[in-house]
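*Asks:* What follows is each chain in one-letter form.
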Amino acid sequence: MGHNNRRPAQGVLLRACSGLLLVTLAMLVTVSLARSQEPSADDVNRVAKQLSCPTCTGINVADCPTETCAQWRAKIGELLAEGKTDQEILDYFAARYGDHVLQVPPTRGFFVTVWLVPIVGLIVGITAFLYLARRWSRRVPLPSADNEPIVDEYLQRVEKDLGAWKQ
Amino acid sequence: MADLGYAALLLALVLAVYASVAAATGERRRAAELVLSARNAALAVAALLTIAVAIEIYLLLSGDFRTFYVAQVTNRAMPDFFKVTALWGSQAGSLLFWAWLMSLFGAAVVLGHWGRMRVFVPTVIVVTQITLAFFVSLISGVWALLAYPLQLLGQSTAAQMMAEMETLNPFYQLGFTPNDGTGLNPLLRHWGMIIHPPVLYLGFVGFVVPFAFAIAALVTRQTGDLWIRVTRRWTLVAWLFLSMGLLLGMWWAYGVLGWGGYWAWDPVENAALMPWLTGTAFLHSVMIQEKRGMFKVWNMALIIITYGLVIFGTFITRSGVVSSVHSFAQSGVGPLFLIFVAVTFIYSVVLLFDRLDSLRSESVLDSMFSREAIFLLNNLLFLAVFFVTFWGTLFPVVSELLAGQKAIVGPPFFNQVAGPLFAALVVLMGIAPLMPWRRASRERLLRMVVWPAVGGIAVTGLLLLVPGLRQFTVLPGTQLRLVPVTLFYGLLTFVVATIGLEFWRGVRTRRRATGEGSLAALVALISHNRRRYGGYLIHLGVVLIALGVVGTSFFKVETQRNLARGESLTIVSPLTGAYTLTYLSFSTLPAPDDVRRTGASLMVQRDGQTIDLIQPSHDFYMTQGQAMTIPAMRHTLAEDLYVILAGWEDGGASATFKAFVEPLVNWLWIGGLVFIVGTGIAAWPRRADERASLVEPAMPVRAAAGQ
Amino acid sequence: MEAVTEHSSSAAHFEGTTPRRRRFVWLIIILLLVGALVALLAIGLQPRTSLLLQGKEAPDFHLTAFNGQFDGQSFSLSALRGKIVVLNMWASWCVECEKEAVVLERAWQDHRARGVWFIGVDYLDTDTAGLEYLRQYGITYPNGPDIGSQIYQAYRCTGVPETFFIDRQGVVQHVQVGPIGQSQLYGLLDRLLAAD
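Residue numbers (my numbering), protein chains in the order written: chain A, 58 to 224; chain B, 103 to 809; chain C, -6 to 189.
Everything labelled a hint here was simulated from the structure, so no lab data went into it.
Mixed in with the good hints, there may be bad ones.
Stated by the list, open to error - Looking from chain B toward chain A, a few residues come up when the C-beta cut is under 7 Å (computed): (1) W365; (2) S425; (3) F492; (4) K508; (5) F515; (6) F722.
Unchecked claim - Chain A is nowhere near these chain C residues, computed Cβ spacing over 10 Å in every case: (7) L20; (8) A35; (9) G37; (10) L44; (11) L46; (12) F59; (13) S142; (14) S176; (15) L186.
Note that CB positions come from ideal geometry on N, CA and C, so glycine has one too.
Take these sequences, add in the hints, and give me the full structure.
*Replies:* Given below as structure tokens:
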């Protein structure tokens, strides 16, 4: 773009500087891209949280302080660096060490019952509610007095001592 | 000395058995002297177990390592205070502690009800003393006598387990005197963990009283609401302690364990939650029986299940059938507990079925839109959560035995299945106080609901529409709007509004009647209707707890980084913005003799301003070779900043930190306090003059027009 | 203290009350469910450890070795029928395992020619850590990772190390829970070899 009043030496310098700048930028971008390949502790934890520590019960691999879990977190880091997705990593661990390292059993085979039973229970519960509500609305009530004839005298004392509930 | 304690234990066992036999025979033969003798035996049992506990504490304090239990749970370096609390630190001692508490309750019940309700007392004695005898038998070594016969029958594993139970005696003497003891699990040396078991045990043991009265009611066929009214406060107090125990456990797990959470759905946690769930259903359901004579079978079933779950929970905790971080070591108590809970439950169920005729309902369900129907739904929902918890806890056992495959059922299952059920319960919590008895007229219901509903919808709308409030409803780090959570906030507002309205209406009515000032009216209102307004406070507590749970479940932010000295990390709170944490220094901190405590201090800054200095630490218990990471926390109403020291290198030149932001978590503890205060108010006994001044009808009001 | 007798004419004038038979059926159903649960838990309480395998036929296993000259080779118990097999469960993070590592390797060298096979099973470990452990202790007999923890579960192990001595007929002659010492190891091998 012709700024005819610019001296030639300055133009060369300008081009050299911008070239140098471009190269530096390119290097920085490459380095930072390479760095972004290396998974952070948070990335590792995100996956590790979904795995159950097999040697200690009830803790996930992210929170567990043992050596096994430390090795596993390192492995997760390796797999993440290779570009594996979270699910692929979980599948790898389940295949390598058994389904019981997952926080919830996978939905296949017998393990489907984990979810099936609560669903069946929900249906049973709703049915029970409707059934009971219907039954109770059709019942003929029992006259009050039959229940406790013998404790009448006690009852009056109870009422005085404890106090019946009044709205 | 230990021999004296053991003698007291054995004598207590004999007397407990005698008391139950005498009471049962006395009732059958209508021999009042036998029942009196049983009562005295029950009192003696409490005295004897008190002596046994006192002796055990003496042994613990004096460091008598020849006694096996003392060597197990204490060591020389332990401070005296912890030596006392080590009483419930391991299996034998905690069973002794449990038995002692139960004996005290058994004695209190016979003392308190000797004058009244004598019709129930014999059966109550039988139930409480048999249970007590079972617990004492476990630590008395009597089961070891079965070892030889079992060996003869070829059952060598069973024989060995029974033989090992000899060492379950808290007074068992070793053949030599060890130089030093092993000491307590380091986790149990924190004060939260010290009061958590006793409080929880008080809750568990407390439920034996309503259970015993329920059985007594069935046996004597006095199945009206007499047994309920007699045990009303017992139930409330037991439930209070159980709730407190759970809250304490959560608070301790959060503050000490250092994983940034408070509930892991661990089998032993679930074992305490399950009786709480059915116990809460029971607590609510009995109100209907008192009012309208309905739900009689439900109430019997609920208390039987609740008590069964208390023993079953003990079974899960102590048998190792499901592995847990909490478990005691495996031992012969497992099969014995299983047999005991099975026998107790089956007997209760058969008795219930036999007496079904006497449990007829006195009223009809008038409408689906009534408080009765809501309570039916309430019972079913609590049972649903219980069932889901039960299934998830036992699934690993089922899977291994039926399918030969090991499985773990972790928090995701429970959160996803129980979460919606809890949300439904919150809905009910809002509607139920508004629902009239028998039948709701549509206009009346609408009138009660309209303002709270408007409030709830307004809050939801504001959260969805106002840009400045976005961070309350968006999943951190994403743009994902959590619509169910936003709706839930509206629901919580609705519930708070209904509770507030109830208070307001009550105060207004009272002021009109008495002309008092607002505050005086409020105080008088609460103190004259403790059960009702205490209940409202409890519900308010639940709302606040729910707020805390939602905040920490959906909006928690976490990060982990290795920092060199002087380096910083940033963590962004969804509610309040970014914190910058700078690693300043690393040092050894003062600690008791057997602990090596290392701490790292971090400067907390926000917008360039230093707002705090925190110091997470790492405690290494040298005798046991165990470590604990103690978090450093910064508490505000909006959130907690929570940091742990996960590891370090080169003497602290660099260290790994895990930082969490836990939004709204303190509302959990605030809600817990409101909850406890509310229960205390509801359970507060009536003053003597109050009782006398009330004119009592001979029969409670039933089946008449409700309200 | 009089117990109240059942109030008269109870069932007659009620509609919708459960007849005795239906009640009984419900009771039986509940008792059966409770019984099933109790049975399940009772079985769950049975100690089901590896020690129970002593004297029984050893469960078959399949392993792909990953160390040294055996790298990539498959091993299974059925293929090794007729040989004496010492199956050792270990892990790189297992402190006790280190106590027996050298002893096992020496025994392998000494007995290899007589048809004794040492097979190592690496439980719950990463390949890198496992191979490093083997290198550190100079272990040359075939070792492989326990894929899916199948072998560990099949042999009902409750920890590491555990060693199973299987004779030529495929029967488990001895289960060693915990590290094994040299004299005991050699004694067992001599006994197994002499049994032909």
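*Asks:* Does each hint fit the structure? Answer for all of them.
*Replies:* Each hint tested on the structure:
A hinted interface residue such as W365(B) counts as satisfied when its beta carbon comes closer than 7 Å to some beta carbon of chain A; here the least separation is about 11 Å, so the hint is violated. The closest approach between the C-beta of S425(B) and any C-beta of chain A is roughly 5 Å, which is under the 7 Å cut-off, so the hint is satisfied. The interface hint given for F492(B) is violated, since its Cβ lies 10 Å from the closest Cβ of chain A, which is over the 7 Å cut-off. Against a cut-off of 7 Å between C-beta atoms, the interface hint on K508(B) holds, since the closest Cβ of chain A lies about 4 Å away.
Using the Cβ-Cβ criterion of 7 Å, the hint placing F515(B) at the interface with chain A is satisfied: the shortest such distance is roughly 5 Å. Because the closest C-beta pair between F722(B) and chain A is about 12 Å apart, greater than 7 Å, the hint is violated. Look at L20(C): its CB is around 17 Å from the nearest CB on chain A, clear of 10 Å, so calling it non-interface holds up. Every beta carbon of chain A lies more than 10 Å from that of A35(C), the smallest distance being close to 21 Å; the non-interface claim holds.
For G37(C), the requirement that its beta carbon stay farther than 10 Å from each beta carbon of chain A is met, with the minimum near 15 Å. Taking the minimum C-beta to C-beta distance to chain A, about 20 Å, the non-interface status of L44(C) holds against the 10 Å cut. Chain A leaves L46(C) outside its interface by the beta-carbon criterion, the shortest separation being 20 Å against a cut-off of 10 Å. Interface exclusion of F59(C) from chain A stands, the closest Cβ pair being 13 Å apart, more than 10 Å.
Here S142(C) does not stay apart from chain A, with its beta-carbon only about 4 Å from theirs, under the 10 Å limit. With a closest Cβ-Cβ approach of about 31 Å to chain A, S176(C) is found to remain outside the 10 Å limit, as its non-interface label requires. For L186(C), the shortest C-beta to C-beta distance to chain A comes to about 35 Å, beyond the 10 Å cut-off, and the non-interface label holds.
This entry does not satisfy hints 1, 3, 6 and 13, going by the numbered hints stated previously.
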